[in-house]
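Asks: Residues per chain are reported as follows:
2 protein chains.
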Amino acid sequence: MNFQSFHPPRRILMGPGPSDISPEVLASLSRPAIGHLDPLFIGMMDELKALLQYAFQTKNEFTIALSAPGSAGMEACFVNLVEAGDKVIVCRNGVFGDRMVQNVNRIGGEAIVVDSPWGRAVEVDKVEAALKANPEAKFLAFVHAETSTGALSDAKALCALAQQHDCLSIVDAVTSLGGVELKVDDWGIDAIYSGSQKCLSCVPGLSPISFSEKAVNVIKNRKTQIQSWFLDQSLVMSYWSGAGKRSYHHTAPVNSLYGLHESLIHLQNEGLENCWARHQKQHEALAKGLDKLGIKFIVPKEERLPQLNAIYIPDGIDDVKVRSYLLNEYNLEIGGGLGDFAGKAWRIGLMGYTARSENVALCLTTLTDALAQQQ
Amino acid sequence: MNFQSFHPPRRILMGPGPSDISPEVLASLSRPAIGHLDPLFIGMMDELKALLQYAFQTKNEFTIALSAPGSAGMEACFVNLVEAGDKVIVCRNGVFGDRMVQNVNRIGGEAIVVDSPWGRAVEVDKVEAALKANPEAKFLAFVHAETSTGALSDAKALCALAQQHDCLSIVDAVTSLGGVELKVDDWGIDAIYSGSQKCLSCVPGLSPISFSEKAVNVIKNRKTQIQSWFLDQSLVMSYWSGAGKRSYHHTAPVNSLYGLHESLIHLQNEGLENCWARHQKQHEALAKGLDKLGIKFIVPKEERLPQLNAIYIPDGIDDVKVRSYLLNEYNLEIGGGLGDFAGKAWRIGLMGYTARSENVALCLTTLTDALAQQQ
Numbered sequence: 000m001n002f003q004s005f006h007p008p009r010r011i012l013m014g015p016g017p018s019d020i021s022p023e024v025l026a027s028l029s030r031p032a033i034g035h036l037d038p039l040f041i042g043m044m045d046e047l048k049a050l051l052q053y054a055f056q057t058k059n060e061f062t063i064a065l066s067a068p069g070s071a072g073m074e075a076c077f078v079n080l081v082e083a084g085d086k087v088i089v090c091r092n093g094v095f096g097d098r099m100v101q102n103v104n105r106i107g108g109e110a111i112v113v114d115s116p117w118g119r120a121v122e123v124d125k126v127e128a129a130l131k132a133n134p135e136a137k138f139l140a141f142v143h144a145e146t147s148t149g150a151l152s153d154a155k156a157l158c159a160l161a162q163q164h165d166c167l168s169i170v171d172a173v174t175s176l177g178g179v180e181l182k183v184d185d186w187g188i189d190a191i192y193s194g195s196q197k198c199l200s201c202v203p204g205l206s207p208i209s210f211s212e213k214a215v216n217v218i219k220n221r222k223t224q225i226q227s228w229f230l231d232q233s234l235v236m237s238y239w240s241g242a243g244k245r246s247y248h249h250t251a252p253v254n255s256l257y258g259l260h261e262s263l264i265h266l267q268n269e270g271l272e273n274c275w276a277r278h279q280k281q282h283e284a285l286a287k288g289l290d291k292l293g294i295k296f297i298v299p300k301e302e303r304l305p306q307l308n309a310i311y312i313p314d315g316i317d318d319v320k321v322r323s324y325l326l327n328e329y330n331l332e333i334g335g336g337l338g339d340f341a342g343k344a345w346r347i348g349l350m351g352y353t354a355r356s357e358n359v360a361l362c363l364t365t366l367t368d369a370l371a372q373q374q
Numbered sequence: 000m001n002f003q004s005f006h007p008p009r010r011i012l013m014g015p016g017p018s019d020i021s022p023e024v025l026a027s028l029s030r031p032a033i034g035h036l037d038p039l040f041i042g043m044m045d046e047l048k049a050l051l052q053y054a055f056q057t058k059n060e061f062t063i064a065l066s067a068p069g070s071a072g073m074e075a076c077f078v079n080l081v082e083a084g085d086k087v088i089v090c091r092n093g094v095f096g097d098r099m100v101q102n103v104n105r106i107g108g109e110a111i112v113v114d115s116p117w118g119r120a121v122e123v124d125k126v127e128a129a130l131k132a133n134p135e136a137k138f139l140a141f142v143h144a145e146t147s148t149g150a151l152s153d154a155k156a157l158c159a160l161a162q163q164h165d166c167l168s169i170v171d172a173v174t175s176l177g178g179v180e181l182k183v184d185d186w187g188i189d190a191i192y193s194g195s196q197k198c199l200s201c202v203p204g205l206s207p208i209s210f211s212e213k214a215v216n217v218i219k220n221r222k223t224q225i226q227s228w229f230l231d232q233s234l235v236m237s238y239w240s241g242a243g244k245r246s247y248h249h250t251a252p253v254n255s256l257y258g259l260h261e262s263l264i265h266l267q268n269e270g271l272e273n274c275w276a277r278h279q280k281q282h283e284a285l286a287k288g289l290d291k292l293g294i295k296f297i298v299p300k301e302e303r304l305p306q307l308n309a310i311y312i313p314d315g316i317d318d319v320k321v322r323s324y325l326l327n328e329y330n331l332e333i334g335g336g337l338g339d340f341a342g343k344a345w346r347i348g349l350m351g352y353t354a355r356s357e358n359v360a361l362c363l364t365t366l367t368d369a370l371a372q373q374q
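Protein chains in written order, with numbering that gives the first Met the number 0: chain A, 0 to 374; chain B, 0 to 374.
No lab work stands behind these hints: they were computed from the structure. One or more of the hints may lead you astray.
Since the list gives no way to pick one copy over another, a pair counts as held whenever it fits inside one copy or between any two copies.
[What the hints assert, rightly or not] With a cut-off of at most 35 Å between alpha-carbon atoms, the simulated DSBU-like pairs for lysine-lysine come out as follows:
hint: 1; residue 1: Lys-219; residue 2: Lys-86
hint: 2; residue 1: Lys-343; residue 2: Lys-219
hint: 3; residue 1: Lys-320; residue 2: Lys-222
hint: 4; residue 1: Lys-182; residue 2: Lys-343
hint: 5; residue 1: Lys-295; residue 2: Lys-155
hint: 6; residue 1: Lys-182; residue 2: Lys-219
hint: 7; residue 1: Lys-125; residue 2: Lys-300
hint: 8; residue 1: Lys-86; residue 2: Lys-131
hint: 9; residue 1: Lys-300; residue 2: Lys-320
hint: 10; residue 1: Lys-86; residue 2: Lys-222
hint: 11; residue 1: Lys-58; residue 2: Lys-280
hint: 12; residue 1: Lys-58; residue 2: Lys-155
hint: 13; residue 1: Lys-280; residue 2: Lys-300
hint: 14; residue 1: Lys-287; residue 2: Lys-222
Please construct the entire structure, taking both the sequences and the accompanying hints into account.
Replies: Okay, structure coming up:
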């Protein structure tokens, strides 16, 4: 055994995540680690919290970065809020809605599944019917931006419905945060989680999460103990709490948090609305080019995610050959299909730092080249 | 809100972790991210697996880095192996043994606790008595290196007992891996977890874990579903598996894994036995100096961890004042006490890259200075 240091090439990451990371964020990762209870580190965490509140558009006191990927963020929301026997209305229009169902099942909750077609937004009227039919339901859970299909759902309308029916809302914003309009307080979202490696363009491995006061009260008044020690947010709260003494829960991922802090500084400097507009602009340029190539989107125009473009692989084209060609010849990564769309679709990400004109241009020209290879 | 980039000072990290990170490992973190399903990344993961097998001294096929801190590694071992109703003998001689008890309780398992005094090794004869008294127990769980007290337990003897009594062993090696002798296969350890930020001197946030074939079979033949989706290793296995197609589970923490790969290359180059010897040598130099200062160790000599030196705060000395003085005047971090030892002890870490002569010398001279300030 005699392994050498690993030196990755510079890829252009236009898949479903991770997205490209700016040189400044990459540089921040290499700063020397300091202790996770160091006063300077705690000061940085306070800033990070304020920056996350800005990104989420919330004043929620409980707004932190969970020390694990988005899938742990999802689980944190469910295991902290839902108790065995609780009814949860779960909207499923892709892989991640289905994962929500699995989370509810593993807690011993009862998932009432509202299915919408893959590649479409969650059907608001179906959700309303489910809420009416299940007045004892305590939660409404849905995915804002379905990473598996590229569909954007109407989070504002769904959260309004949840409130009307006295349900707390649990929202997956893994791919939406920073890429499309998202307003936690205005829309009345109760529990939300995201990922660091999508539109925030930070390293993978962190999950920004936020709980409303109502959600925090539910956690504080549970009848049963939270099944996970690591994800027990009543313990984590006392580490991230601004007031007084921090109590040790686990060792925070110090250097990754440097990266998240830096990437959120960029978001602050650009401005959230400008960032949303940039994603939309680059999406439109890409869509125009794809249209010229005769490539069809899976999702109807008004339900499309600008940051994740799911498109049908043209007839007679070999999925893996094209993706390998782009990767090997141009260092360009695009994503394959997931779940029902495996082998049938590509997913072209324009997330965060990736959403730039030069990448759109490169993607269109190299894709043209790759398709020509096979014709 | 107008925050600036965060530029931490260079601290010398002589607390209970995180430890100092070498410039080479820090530099590796800033390399560009590549996709978590990129063939080059998968090649790096295969190397990482081999390097972890070397560090753990195991041929276990299931040897990976979990995408979350050591406390999630602990939970992964318990939730994957233990089912509701299972009896687990848990040795408790500090904070982390107690956390094991909490993990068993949250699963609905039955923890049979064997208490040993804090600051001492786990008492092997007491464990043997518990195993004899509980023939239906399925697991024996203990902490190899108790980070809260600085005590090293006899993992070899404890695992031999577990085998004699037909129990699987679950071992916490968060602080021991890389710092003291640890031989997973020779000792017959069935499930083991560690942390990246201790003697491996990588960034915090990853947990190297390994399961024996026997443990993997237990996971495969469970009667009930694993309560955590994120920590369900039957799902994770198919992502880390060397053979054939990798299936997506979650987005791996790409850049942190670069760091772990690099830190394990350093371990490979130094040699495991040399690394253990270096920790012992630096510990002896520190102990000699502390003895001259009249400072007493909590743990008897033959049960001491070289990499984590827990010492009594001398009478009349202000805990926080001394630690703040060292941090503010010399950028030197030492740890406070935890649990029963809060306010009564300091913990001086000599882990991984921190375990160097210059740090021992600096620690001794600045501690002398700090104590003189108060006399």
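Asks: Run through the hints listed earlier and report the numbers of any the structure violates, in increasing order.
Replies: When the structure is compared with the hints, numbers 3 and 14 turn out to be violated.
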